[in-house]
Amino acid sequence: MKIYLALTVAYFVAFAIVHTGLLLLAWRQLRRAARVASVTALRRTVRSPLAPPISIIVPAYNEEAGIVDSVRSLLALDYPSTEVVVLSDGSTDGTVEQMIEAFDLRPAHRPTPPFLDHRPVRGVYVPRGRLKLILIDKENGGKADSMNAGTNFARFPLVCFIDADSILEQDALVKAAIPFVEDPLRTIASGGVIRIANGCRISRGRVVEKNLPRSPLAMFQVVEYLRAFLAARTGWSAVNGLLIISGAFGLFRKDAVIAADGFSTDTMGEDMELVVRIHRTMRELGREYRIVYVPDPVCWTEAPESVNNLRGQRRRWQQGTLETLWAHRRMLFNPRYRAAGLLSMPSMLIFEVIGPIIELGGYAVSIVAALTGVISVGTFLAFLALAFLYGMVLSLGAVVLEDTAFGRNPRWSDLRRILLYSVAENLGYRQVTHLWKLEAFWRLWRGGGWGTMERKGLSREVQDSLASEVGMR
Amino acid sequence: MDSVRYVDAALIVVVLALLVALVTVRVRAQRRRTRLAVARERFETLIAARLVGGEGVPAPPPADLSALERGALRDAGIDALVELRGRERERVAALLEEGGVVDAEAQALRSAGPDRRRRAADVLGLIASPATHEPLRAALEDRDVRVRLAAARGLAELGQVDDEWSTTLIADAAAYEHRLGAVAELVLALGARAPARLASVYFNSGSSEVRRIVVAVIGELRLGQHVGILREALDGDDELAARAARGLGLVGDVESTESLLAVVRDPGRSWFVRAAASTALGQLGDPAAVDALAAELRAGEWPRRRAAAEALARLGPAGKAVLRSTAGLETEAGRHAVAALDA
Numbered sequence: 001m002k003i004y005l006a007l008t009v010a011y012f013v014a015f016a017i018v019h020t021g022l023l024l025l026a027w028r029q030l031r032r033a034a035r036v037a038s039v040t041a042l043r044r045t046v047r048s049p050l051a052p053p054i055s056i057i058v059p060a061y062n063e064e065a066g067i068v069d070s071v072r073s074l075l076a077l078d079y080p081s082t083e084v085v086v087l088s089d090g091s092t093d094g095t096v097e098q099m100i101e102a103f104d105l106r107p108a109h110r111p112t113p114p115f116l117d118h119r120p121v122r123g124v125y126v127p128r129g130r131l132k133l134i135l136i137d138k139e140n141g142g143k144a145d146s147m148n149a150g151t152n153f154a155r156f157p158l159v160c161f162i163d164a165d166s167i168l169e170q171d172a173l174v175k176a177a178i179p180f181v182e183d184p185l186r187t188i189a190s191g192g193v194i195r196i197a198n199g200c201r202i203s204r205g206r207v208v209e210k211n212l213p214r215s216p217l218a219m220f221q222v223v224e225y226l227r228a229f230l231a232a233r234t235g236w237s238a239v240n241g242l243l244i245i246s247g248a249f250g251l252f253r254k255d256a257v258i259a260a261d262g263f264s265t266d267t268m269g270e271d272m273e274l275v276v277r278i279h280r281t282m283r284e285l286g287r288e289y290r291i292v293y294v295p296d297p298v299c300w301t302e303a304p305e306s307v308n309n310l311r312g313q314r315r316r317w318q319q320g321t322l323e324t325l326w327a328h329r330r331m332l333f334n335p336r337y338r339a340a341g342l343l344s345m346p347s348m349l350i351f352e353v354i355g356p357i358i359e360l361g362g363y364a365v366s367i368v369a370a371l372t373g374v375i376s377v378g379t380f381l382a383f384l385a386l387a388f389l390y391g392m393v394l395s396l397g398a399v400v401l402e403d404t405a406f407g408r409n410p411r412w413s414d415l416r417r418i419l420l421y422s423v424a425e426n427l428g429y430r431q432v433t434h435l436w437k438l439e440a441f442w443r444l445w446r447g448g449g450w451g452t453m454e455r456k457g458l459s460r461e462v463q464d465s466l467a468s469e470v471g472m473r
Numbered sequence: 001m002d003s004v005r006y007v008d009a010a011l012i013v014v015v016l017a018l019l020v021a022l023v024t025v026r027v028r029a030q031r032r033r034t035r036l037a038v039a040r041e042r043f044e045t046l047i048a049a050r051l052v053g054g055e056g057v058p059a060p061p062p063a064d065l066s067a068l069e070r071g072a073l074r075d076a077g078i079d080a081l082v083e084l085r086g087r088e089r090e091r092v093a094a095l096l097e098e099g100g101v102v103d104a105e106a107q108a109l110r111s112a113g114p115d116r117r118r119r120a121a122d123v124l125g126l127i128a129s130p131a132t133h134e135p136l137r138a139a140l141e142d143r144d145v146r147v148r149l150a151a152a153r154g155l156a157e158l159g160q161v162d163d164e165w166s167t168t169l170i171a172d173a174a175a176y177e178h179r180l181g182a183v184a185e186l187v188l189a190l191g192a193r194a195p196a197r198l199a200s201v202y203f204n205s206g207s208s209e210v211r212r213i214v215v216a217v218i219g220e221l222r223l224g225q226h227v228g229i230l231r232e233a234l235d236g237d238d239e240l241a242a243r244a245a246r247g248l249g250l251v252g253d254v255e256s257t258e259s260l261l262a263v264v265r266d267p268g269r270s271w272f273v274r275a276a277a278s279t280a281l282g283q284l285g286d287p288a289a290v291d292a293l294a295a296e297l298r299a300g301e302w303p304r305r306r307a308a309a310e311a312l313a314r315l316g317p318a319g320k321a322v323l324r325s326t327a328g329l330e331t332e333a334g335r336h337a338v339a340a341l342d343a
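So the sequence lines, in the order shown, correspond to chains A and B. The numbers in my numbering rise by one with no breaks, and the one at position 437 of the first sequence is 437. The numbers in my numbering rise by one with no breaks, and the one at position 298 of the second sequence is 298.
Among these hints, one or two may not hold up.
Straight-line alpha carbon distances no greater than 20 Å define the calculated DMTMM-like cross-link-like pairs of lysine to aspartate or glutamate that follow [unchecked claim]: (1) A:Lys2 x B:Asp2; (2) A:Lys132 x A:Glu101; (3) A:Lys132 x B:Glu310; (4) A:Lys132 x A:Asp171; (5) A:Lys210 x A:Asp414; (6) A:Lys132 x B:Asp342; (7) A:Lys210 x A:Glu302; (8) A:Lys210 x A:Asp69; (9) A:Lys210 x A:Glu224.
Taking CB as the label site, the calculated pair distances span [as the list claims (entries may be wrong)]: (10) A:Arg330 x B:Glu44: 56 to 64 Å; (11) B:Ala9 x A:Arg214: 33 to 41 Å; (12) B:Ser166 x A:Pro346: 42 to 50 Å.
Okay, the calculated bits of chain B under chain A, using three or more residues with CB under 8 Å as the criterion [stated by the list, open to error]: (13) 2 to 9; (14) 215 to 226; (15) 332 to 340.
By construction, these hints were calculated from the structure, which means they are not laboratory data. C-beta atoms are modelled at their ideal positions from N, C-alpha and C, and glycine is treated no differently.
Work the whole structure out from these sequences, hints included.
Below is the structure:
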């Protein structure tokens, strides 16, 4: 029992060191970004003829209710050269018909590019007018399969993946593309902030009034997202160890996606798996590269508001994490993979996979130890207070960071609610999400779903393209 | 046990400190935001009045402005300048000069922080009034390459590039530090305001990256006077040649057909160079390219076949005839031909 308690303390110390470090790194990074923000210089370049054109890829499955508004708002984004590629993933509702009618689409002949495998295409539709839009109607294969098909059909060297029900802010693409403009040869991916749209007023595919969610469950997620996106991702990005670019909004070099064999259809966490595989591919090819988190561009998305949906989401995320770590286990603690192999993947393993076991076990063992007199009740309460207080420090740190850098929640009432939930999440919510993570582990263990992922060799097109700034079109 | 309690106490202090920091930061930020919004509205109105009424609308005397207000005037002015041209642009630039923005930024160019100096160089380059020339010229000697780069770009925006040699050296130094986006801005500004200077940068640069950017800018800005550079670059490395091929197509240099055909047929060239040459041949529209493009349509790499099919579709009846004859085939080439005819 004493050994377990010592292990819990050691874990807690490691957690505190890593997460305080990330918070400080993020703070330094954001301060620096604010200092060097050139007035309009890079924005001008992004709007210039040298800006890399972007294919926006939108996988859609039974999205008839919102697809037309989403596509309209994507077509109107502030960026000089884009095309929108919508993939209907075997939709059984009116997604295809709605698109055809709204954008006056006609059937077109387009050969299927051979770079990534995906389910067969049933039809391709293009506008009769001059809109830069293409609709691919394909057999159902899941989101990853659709994103692979979208990458194949994309005409431009940068591809932006976005969920059909997510909403990009008007200048999100400009901001996300700036790293590619600054350093076109080394930058291969960038991701932005995901914010929770619950509670916001949305009209015609735009967020017209920003509010915090009313649902307590969604509010807990607001606090979680603040910590995860602003503190953790900014920190990992500073050491080129970013492992996740959210599937809801991410910008990639098309040739890097193809070089990594695209999204895996065998995992629940295809977005994280792709980023880890890109790290691996680039290191194995000996290429210098950057995967960048840009804390400014915002993408709005709906968060689950029911316990069941949230539980399902967390189980999927955790299963994706486990599958990715297992598939790329040779990267763990391997200096060849630098920050990804030595820092961020071990951190993911320790704090996301082993952490819930230690933390929940720690609560149980401490209670038993206190009841059996191994430790005093005072010590038990002091440890408990330590865990809660440190959780509060992290959440508050992220709130301070966000407020200083962006001030996205200007109302005092919003701040009060965020603070309240950042305290309250330590009193049950965090423990329950840990339980769901364990549940995912258990299901995966029992289901024997520890697949391996094999890579195809690189074609000449991809090798040439990767070595080039021109990129694959 | 005691140590845990000490840590608890320390964490309580940290939580309280963070709360105090949060409230302080927020109160200060809100005050600042409110003052900025008021100042900004005032200066936007002033800018609009100056645009309509000309020099008759006076700028606020610099001594009457606080640093925050001067910042608001600078930001409102720069946002307007990015959108304006000609006489209107000069009016706003003069307003910023009269309001003391140019003097303040020139002063900042002598400050210790490189980020502050770089920002000042950016601002002066954007204002681009005669009073900004001297501070920007002085900043060309700055020890930080980003400041030198911003100053060089500012001078390029003004069309005031007296010394292409130092501009080239600055671009090379920045390219060496992977600051290619900033180099592209400089070359774009040169191409737009002083296109004649681009040749000197191209021939004197020791950086292949800089030369590639120059070639890309010549193409994108359709600078016909530099077609010789594009033709020469077609013999360069694959990166350079791809950009040159694209540029020749955009400029519409029909005399390059033969050189582009040679690139298309060259098996030693990378696929993206050959695809770029095919696209350029389509843009030039010379039917002499039909045979080479027909061969490309059956090429090994998918992007080359697509580029060839699309180019053939632009070559008039002869190109379309090739596509129609291929369209019946159950091959990849046939599918590309169908798609090109359908587009």
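Here is what the structure says about each hint:
no.	hint	verdict
1	A:Lys2 x B:Asp2	holds, 17 Å
2	A:Lys132 x A:Glu101	holds, 16 Å
3	A:Lys132 x B:Glu310	holds, 17 Å
4	A:Lys132 x A:Asp171	holds, 18 Å
5	A:Lys210 x A:Asp414	holds, 11 Å
6	A:Lys132 x B:Asp342	holds, 16 Å
7	A:Lys210 x A:Glu302	holds, 13 Å
8	A:Lys210 x A:Asp69	holds, 18 Å
9	A:Lys210 x A:Glu224	holds, 18 Å
10	A:Arg330 x B:Glu44: 56 to 64 Å	holds, 58 Å
11	B:Ala9 x A:Arg214: 33 to 41 Å	holds, 37 Å
12	B:Ser166 x A:Pro346: 42 to 50 Å	holds, 48 Å
13	2 to 9	holds (count 4)
14	215 to 226	holds (count 4)
15	332 to 340	holds (count 5)
Comparing the model with each earlier hint shows no violations; every hint is respected.
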